[in-house]
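K.L.:
Sequences and hints are given; from them, build the entire structure.
Protein chains in written order, with this note's numbering: chain A, 1 to 534; chain B, 535 to 678.
Hints listed in this document are in silico derivations from the structure and should not be mistaken for laboratory results.
Idealized CB from N, CA, C, for every residue including glycine.
Among these hints, one or two may not hold up.
[Claimed, not checked] Computed footprint of chain B on chain A; a stretch qualifies when at least three of its residues, placed anywhere within it, have a C-beta under 8 Å from a C-beta of chain B:
1) 280-287
2) 291-301
[Unchecked claim] Incomplete in silico selection of chain B near chain A, CB under 7 Å:
3) Tyr539
4) Asn542
5) Ala543
6) Cys545
7) Thr546
8) Ile598
9) Glu608
10) Val617
11) Leu628
12) Val635
13) Cys639
14) Ile642
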Amino acid sequence: MNVYIKSLKIKANVDVYIEFNINTTVIYGYTGTGKTLMFKLIEFALGQNSKVDIVEVEKKYEGIEYVELEFSNGIVFKRIISNDFSGFVKMNNETGFESKNNANYRLEVGNIFGHKNIKVIQAPTTIGTVTFSVPEFINTLFFPEARIVDDKFLIEVEGRGKEIKLTNYYKYLTTGIEIDNTSLNSAKSTVKAAGERDKVKKFLAIFKKKIVYPKKKELDEIESLSLKINEVKLRLLSMQHEVLSIDADIKQNKFTRDRLLSLIDLYEVQIEDMYAAKAIDMFMVDSEISCDKCGNKIKWERGCSIDDEIYDSEGKRKDVNITLDNLNKNLLNLQTNLYNSNNYIENNMQEYNKYVDRKTELDKIFNDFLVYKQSSEVLLTPELENSDENEIDLYDEINKSFEINIKSICKKMTARLTRWKLPEKTDVDFDFDNFDFTFDGTARRVLAKGYKGFCTTAMIIELVMQMKSIGVPCFDFILIDTIWQTADVKEVDIVSISENYLKDVSKLPLQVIIFENKVPNIKIESCEYIQLYK
Amino acid sequence: MIKDYEVNATCTKIAILLCNAESYRISRNDILYCLAISDFVSSDIEMNSKSIRNINSLLYYSNILNKSIAKMNEHNLLFFEGVNIAPSFSCRELYKMLSKVDQSCQLITKVKFAYEYGETGKFLDIYNELYENYLKEKILLEVN
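P.N.:
Pasting the structure below:
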């Protein structure tokens, strides 16, 4: 059962208490609302080595005393904000005890997730062991701000990845094969094939449990699905073309309608004026005035044939009205057409999505099976099967299985990034020389800011999923800080990418806590949204 | 080309304006604005911005106003007091008579309304802006 973070409490003059969702929690707020600080405090409560900047924390949370994290299994971790280490662990039976030092405290945190000290031999030629304990584990799985350029945490591990000890550690994460003290001596020379065969078989057995065997029916379905997807795609394209042309027609018609309306306005003003003129004519019809000086008589001039003009103007207005009526009918037809076309597109789109979803599902089954088949072929060599005393280089075996696993991780990452519809950097590979993932041929550590965020998130997710699938202990939650606001892709793209990303991440069997400046427009039911204010 | 009925219609509008403003003395410019603004205002108190004539109504009315005032002056419908214009007795008679005919064209409400708005100056700014734009366009047309 997953152990997830239930709540966070920051004890200060004004207490902050946040309850997290079991699936995905999106915490958002503008710059300066303390997202990153909250992120750091969670890390701090989990026993992060680096000290928090007390002055900075005091600024945001006045009178801050401690940070408290409660897990879903009832265990509470409390760490006092001070320069000296002071932390408390409270078990669910209410009996608490104080941790002596930071390492002890971290060990307790790690225990929740089944962590232990991991021993990895330093190099095949030198005798000696390096023990990795929980802190390194935390480092590898935490993903602090993607926007931070200096390589820390996981990137740090990779940066030191060329050193053999960490390479092995990395291999342990992806294969689950631990090189411990007992295998140290034999690894140097030989190992008993029988024991090794057991190990490999054990590993394959775990793998086999997770595998679904694809049937002939499913293979046929994949083929027919690809055909159907292409067909629907073509239909959609032609329909979208039609919608565009209808749109243009409607625009043209609306423009003409506006012109006609203003013409009618003009006629109406004229007709009004004519009635007014008729009125003054009626009033002044017999008026006559004589000049004081010359005695000449002035008569009111009657506006000639005003009735004819009214009749004429009204006729014109009527004509325009008829034209307008026809135009409106036409417009209505066009709008109905548009509505129908849009409906059609929507229906087809649903069909399309259904096919694509089903195909991805089937593809995954098929891919997993292929990886399993390849790994069993590589690991269960005839020599290993047949002999009891054969010399086997343990490193070769680990390397082989690492290679297979890392390639399958690459495939999964590619699928995930494609699902997020990242415009580029979706072709993932592993560079064994530099010991780093590459995206479209670019090493992850030199990617542009925005891509780095998305790519690293995909990497962390796949690594965690891999570790869970082979039974390597790891955390059941992921923290992600502000990745799409810093992304370097187009404004339109970023909205749809972040929507796809959120949709995808919310389906993970992990607890995900996302810190963001802004939430995308879609609201996902299984997600919880919390807004921070200044 | 100004039509005969247009001058007569403007005379009616001026008569209504003057009679509504009985206690005031109205200047020629006031009348000009109110006439122009009456084109902006439709009976349902909305800006009637679609009308083509709106754009050049100030020019239209300043041409027509000269003719109309001259004609009304000739027939003793109004008289001048310095720079202001005041309605005569017969103008008031005209107004009474108009209120009987008005049922067909609702002229009185419209002009009355326009006058009130014209006085608050609410539409003057809008009008001035439109007029400026119109002049610019016209100059551009002539230059091209």
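K.L.:
Quick one: which hint numbers does this structure break? Sort them smallest to largest.
P.N.:
8, 10 and 14
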